[in-house]
Amino acid sequence: MNKKSGSYSIERKQARWGLLFTIPCLVFFAVFSFYPIFNALITSFTNKQALSRTSKWIGLDNYIYIFTKENGGFSFWNSLRATIEFTLGTFIPMVVIALILAVFLMQLRSPKGAKFLQLVYYTPAVLSSVVAATIWMILFDPRGLINQMSNLLLNTTGKDFGWLVDNTMLQISTMIVYFWKYIGYFVILFITGLAAIPPTIYEAATVDGSSRWHTFWRITLPLLKPTAVLVSIMAMLQCLKTFSTQYMFAQNGAARQPIDVITMNIYFTGVRYGRLGRASAMSIILFIIMLLLTYLQFTVSKTDDVEY
Amino acid sequence: MKKAIAILLVLMMIAPVFAQGAQEKADQPVTIEFWTHEDANRMKLEDRYIEEFKQTHPNVTVNVTRQSAEKLIELIQTAFAAGQGPTMFNLSIEDEYPLIAAGRVAPISYEAVGYKNAQAVKDAYLSGVLDAVTVEDDVYGLPLELTNWSIFINKKVFRDAGLDPEKDYPKTWEDMVEVSKKLVIREGDILVRRGYDFRYGYYLVNNVPMVEQLGGQLISDDGKEAIVGEEAWVKFLTFMQNWGPNGENLGSPTYTAARKLFNKDNNDIGMCSTGMYQEARILNDNPKFYNSGEWMVVPYPRFKDAVKDVAGCYYGHFYMVNADADKATQKAAWELIGYMLSHGEEYLKNVGIIQPTTALMNSETYKNMPYSDVFTSDLEKGHIVYYGASSTEIQSMIKTAVEAVMLQGVDPKQAYLQLKASAQEILDEQK
Chain G
1 MNKKSGSYSI ERKQARWGLL FTIPCLVFFA VFSFYPIFNA LITSFTNKQA
51 LSRTSKWIGL DNYIYIFTKE NGGFSFWNSL RATIEFTLGT FIPMVVIALI
101 LAVFLMQLRS PKGAKFLQLV YYTPAVLSSV VAATIWMILF DPRGLINQMS
151 NLLLNTTGKD FGWLVDNTML QISTMIVYFW KYIGYFVILF ITGLAAIPPT
201 IYEAATVDGS SRWHTFWRIT LPLLKPTAVL VSIMAMLQCL KTFSTQYMFA
251 QNGAARQPID VITMNIYFTG VRYGRLGRAS AMSIILFIIM LLLTYLQFTV
301 SKTDDVEY
Chain C
1 MKKAIAILLV LMMIAPVFAQ GAQEKADQPV TIEFWTHEDA NRMKLEDRYI
51 EEFKQTHPNV TVNVTRQSAE KLIELIQTAF AAGQGPTMFN LSIEDEYPLI
101 AAGRVAPISY EAVGYKNAQA VKDAYLSGVL DAVTVEDDVY GLPLELTNWS
151 IFINKKVFRD AGLDPEKDYP KTWEDMVEVS KKLVIREGDI LVRRGYDFRY
201 GYYLVNNVPM VEQLGGQLIS DDGKEAIVGE EAWVKFLTFM QNWGPNGENL
251 GSPTYTAARK LFNKDNNDIG MCSTGMYQEA RILNDNPKFY NSGEWMVVPY
301 PRFKDAVKDV AGCYYGHFYM VNADADKATQ KAAWELIGYM LSHGEEYLKN
351 VGIIQPTTAL MNSETYKNMP YSDVFTSDLE KGHIVYYGAS STEIQSMIKT
401 AVEAVMLQGV DPKQAYLQLK ASAQEILDEQ K
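Protein sequence lines correspond, in order, to chains G and C. Going by the numbering used here, the residue at position 125 of the first sequence is 125; the numbering climbs one at a time, nothing skipped. Going by the numbering used here, the residue at position 378 of the second sequence is 378; the numbering climbs one at a time, nothing skipped.
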């Protein structure tokens, strides 16, 4: 009995310290995440304009508006389409290729070479998104490197592939920028997951005569499942929140409509046109979409703990 | 009696204390947050004015924040939305008007800027110039600049294409297409040199007048209908489609802005639309080109079948003061504005911007500015840019329509219908 109450006391003590250490984080989240979400939710039920000092409670009008009206030619449905296309076109290849690159780096015999390549892959992630988009705008220019390379590869002369003009090419351009910027980050996450798999398991597989291909499918991939789920959720959320690439492209002359992702529509509606109530309603919808997709991904992948 | 004398004595003793208090209040430290757009030539001048002003107002601190013109619009709107707007600032009128409409800016402190009253201010400026910033007899801003755009031409590019710039410059928009076709140099589909290109993004200033020449309107005279005149708008959109990469391939919003290339004289642009301030910028960026005399300015073109003789719109950047600033800060800000704007001739000579006082417009300095006659003539044929509570949004809609026809291959009629529906919705919301 005494022993039990003693362990209870230690647990309580530990819990108290744990709580103490999480307080700064909780305060941070409360101020910078929960409060803005709550505030956006309240604002979404009002007709608040950026410059007006007062606002009126209008119930669900903003939500009805964004699903039924054109919103000045930039409908929410178009933004939903642009966001889904961008997310699917970016996060699936990003997760798959990040995994392939991570496995490749882990297989490298030279640690120096692996470290160097990790650095090379990760460097774009350090760049500001605006700088990255600006660099790529120059590369995608009709006289830029990408168009010249495209001509070289396809054996054409002076063809403008319309990287910033054609609807599909424009979407692909934004995907390429995002892919380039974030692939290194997810490669590092996969490497961390791969490094956590005990080498004894691979040794046992080798002794049993398992081929590399078989080992990858039967051992690496199942044991990497928690990391893969984490990476795919993070990549998906990151893609759903994409903004600066599309914004920079639109600011520099590219058509807005094909790449008018939800965040960009929120920005234009709220900041440029001052319709904070309507923009808040869009934010809440995006928040719900992200929440649902994350839940769905967790449910589908059934993330049981992996034990070695 | 004795009592009255005693009270009087006490009052006499107390009065200087109150006076001193008032004096102290006047000398209290005041901080002015001044946000403005970047312009290297103007920065040199205004930094000097601010230093001079601070010498006569030692209690005033001025913090200047300079941003690109596009960025400044967002920063000011966001700052005001958060209740953290700058003390004084300037934007183009179409972006400033919503601040007046929302009561976020203060009327002029007339004495602080050196005028007796609102009428005296209006009398000092060209007729109608202050209409956009006048509400119920109070004036809410003073013009830092009033600008209209004409066409700048690089004569060398014309001659290189076998054209005589003095004779062959485009008088009509149809000429603009034909001349541009002769001036362009392509590598396959890729434009290496453009003849002319539009200032994409500034549709209210530069493109709406094209529609007006054809008999259309942005907003009807009674303010109830948006995008008036189907034929004119469809013709304009067809013209833009023909101009773009899917038509004659003479230019596109995705290329570097023509005005930015013009000063470099790198044989990559023949013509661009810009204001008198470009003259000072050419001098600053490329004195050799400025002094070579290889550039000239010609009027804004008309369509051949124009039904109205309209030139490009003019727009004003007005200095305004935040209504939320305390009275002492507002007064100090207006004093600073008044001091800066008392140097109209220097602004014109060094920066090339026009502060449209009657005195300046009739001065020899203005008349001696290169091509001032062209700008004046276009100014007389133009009108102020559309401004309203949703002017920014309506401009975005025109941008979408132009991009749709130029880049996405949308049929001009369809783009017009979409534009009309969107703009009408915004207009109806304002009622």
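Calculated directly from the structure, the hints in this document are not laboratory data. Please read all numbers here as calculations on a predicted model, not as lab measurements. Think of the CB as a built atom: it goes at the ideal place given N, C-alpha and C, for glycine as much as any other residue. Some hints here could point you the wrong way.
[Said to hold, decoys possible] Facing chain G, from chain C, some residues (calculated, C-beta under 7 Å):
| hint | residue |
| --- | --- |
| 1 | Q84 |
| 2 | P98 |
| 3 | R104 |
| 4 | D189 |
| 5 | P245 |
| 6 | G247 |
| 7 | Q408 |
| 8 | V410 |
| 9 | D411 |
| 10 | P412 |
A quick look at each hint next to the structure:
1. Q84: At about 12 Å, which exceeds the 7 Å cut-off, the nearest Cβ of chain G leaves the hint on Q84 of chain C violated.
2. P98: Holds, about 6 Å.
3. R104: holds (6 Å)
4. D189: Result: holds, 4 Å to nearest chain G Cβ.
5. P245: Interface hint status for P245 of chain C: holds (6 Å vs cutoff 7 Å).
6. G247: violated (12 Å)
7. Q408: holds (6 Å)
8. V410: violated (9 Å)
9. D411: violated (15 Å)
10. P412: violated (15 Å)
Figure legend: structure checked against the earlier numbered hints; hints not met, in rising order: 1, 6, 8, 9 and 10.
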